[in-house]
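J.: Listed below are the residues making up each chain.
Number of protein chains: 2
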Amino acid sequence: MSSSTADIDILRKNGLHVTDSRRVILNLFLKYDGALAHADIEKYSSSLYDRVTVYRTLQTFLEKGIVHLVPTVDNATLYALCKHNCIEGHHYDNHVHFICSHCNKTSCLDDIDVPEVKLPRGFRPLHAAMIISGICKMCKSSN
Amino acid sequence: MSSSTADIDILRKNGLHVTDSRRVILNLFLKYDGALAHADIEKYSSSLYDRVTVYRTLQTFLEKGIVHLVPTVDNATLYALCKHNCIEGHHYDNHVHFICSHCNKTSCLDDIDVPEVKLPRGFRPLHAAMIISGICKMCKSSN
DNA sequence: TACTAATTTGCAATAATGTTGCAAAAAAAA
DNA sequence: TTTTTTTTGCAACATTATTGCAAATTAGTA
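Listed in order, the protein sequences are those of chains F and A.
Numbering-wise (my numbering), the first sequence opens with residue 1 and increments by one.
Numbering-wise (my numbering), the second sequence opens with residue 1 and increments by one.
It cannot be assumed that every hint is accurate.
One copy or any two copies: either way a pair holds, since identical chains are not told apart in the list.
[Unchecked claim] Below are the BS3-like pairs computed for lysine-lysine, each with C-alpha atoms no more than 30 Å apart in a straight line:
| hint | residue 1 | residue 2 |
| --- | --- | --- |
| 1 | Lys-140 | Lys-118 |
| 2 | Lys-83 | Lys-137 |
| 3 | Lys-31 | Lys-118 |
| 4 | Lys-140 | Lys-31 |
| 5 | Lys-105 | Lys-64 |
| 6 | Lys-118 | Lys-83 |
| 7 | Lys-13 | Lys-43 |
| 8 | Lys-43 | Lys-31 |
| 9 | Lys-13 | Lys-83 |
Keep in mind the hints are simulated off the structure, nothing from the lab.
Work the whole structure out from these sequences, hints included.
T.: Structural data, given as structure tokens:
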């Protein structure tokens with residue numbers, strides 16, 4: 001049994017009660033370095049918790065800025081851990097997201113910022129998101 | 001009654017049978033310069049057609065390259081007209097998408113290409129999508 | 001530790017969204 | 001007009017997400 005309390009720390013720091021389901025779900029994100037869908041979480045947590053609890057936990061994490069939504073081109077809803085200093089109600093997920101067409105894993109490229117783009121006259125930008133699809137590092141090297 | 005046959009031309013050019021529902025849906029896209037969700041189409045076409053027909057029509061348009069999916073940060077599935085020369089199975093929707101936080105309209109900025117980004121070693125990009133949110137031209141000028 | 005107040009969870013019901021098979025209707029070709 | 005092929009509508013079903021409420025759990029306090 002891991003004695004790490006990283007998950008507990010995160011929950012406490014965000015003023016959340018420490019519960020089993022929150023710990024399990026948060027640890028999934030901490031261990032799996034990529035974006036997770038609701039279905040992934042249900043699968044990996046072996047249906048220990050009710051679907052509704054998973055939905056509500058993700059919603060809570062979103063609101064607290066523990067995770068952010070990952071943009072997608074299909075209709076999938078993906079969540080990923082916020083790595084930098086996100087605070088309640090204000091995310092700093094200004095990084096590029098990469099989705100691998102081979103292993104299907106979506107990763108946050110935390111160190112790659114979304115580039116600025118010159119918009120047509122009259123448009124005022126507030127936030128930009130970017131998704132790049134292709135072959136990821138792991139899949140490329142394993143060929 | 002408009003005598004324009006732009007919609008018919010598009011359908012013919014793509015080898016599709018010309019039917020009422022396809023014409024109505026296609027004209028929605030032609031008139032409304034922005035991305036539409038399935039629900040929008042159901043609403044604007046006054047439930048003239050079955051839900052299933054709308055789904056199948058959108059699927060057909062997607063396959064033929066008449067519309068493309070618009071990336072989103074929530075789980076919405078949005079479709080927008082392909083403006084440039086998309087052919088069956090190969091889209092050229094390499095443009096930036098803009099979603100207005102005020103009127104909620106999603107537009108294709110057809111003339112703004114998604115910029116190149118330098119990725120970490122090992123990642124091979126195939127396609128890039130970009131979504132910018134903010135205040136659009138119309139909403140800004142009406143304040 | 002035991003008690004209390006507030007939060008969280010599970011269950012059941014419901015809503016919203018999307019898919020499939022098949023017969024009837026419509027479109028295109030002969 | 002007739003025939004062939006495609007499309008549509010209906011019904012049923014599947015998946016994904018939301019809500020209310022009582023029971024269980026958490027955290028603070030005595």
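J.: Look at each hint and say if it fits the structure.
T.: Here is what the structure says about each hint:
no., hint, result
1, Lys-140 <-> Lys-118, "between (33 Å within a copy, 17 Å between copies)"
2, Lys-83 <-> Lys-137, "within (20 Å within a copy, 33 Å between copies)"
3, Lys-31 <-> Lys-118, "between (38 Å within a copy, 26 Å between copies)"
4, Lys-140 <-> Lys-31, "within (22 Å within a copy, 44 Å between copies)"
5, Lys-105 <-> Lys-64, "both (24 Å within a copy, 27 Å between copies)"
6, Lys-118 <-> Lys-83, "both (28 Å within a copy, 20 Å between copies)"
7, Lys-13 <-> Lys-43, "within (28 Å within a copy, 45 Å between copies)"
8, Lys-43 <-> Lys-31, "within (15 Å within a copy, 44 Å between copies)"
9, Lys-13 <-> Lys-83, "within (14 Å within a copy, 48 Å between copies)"
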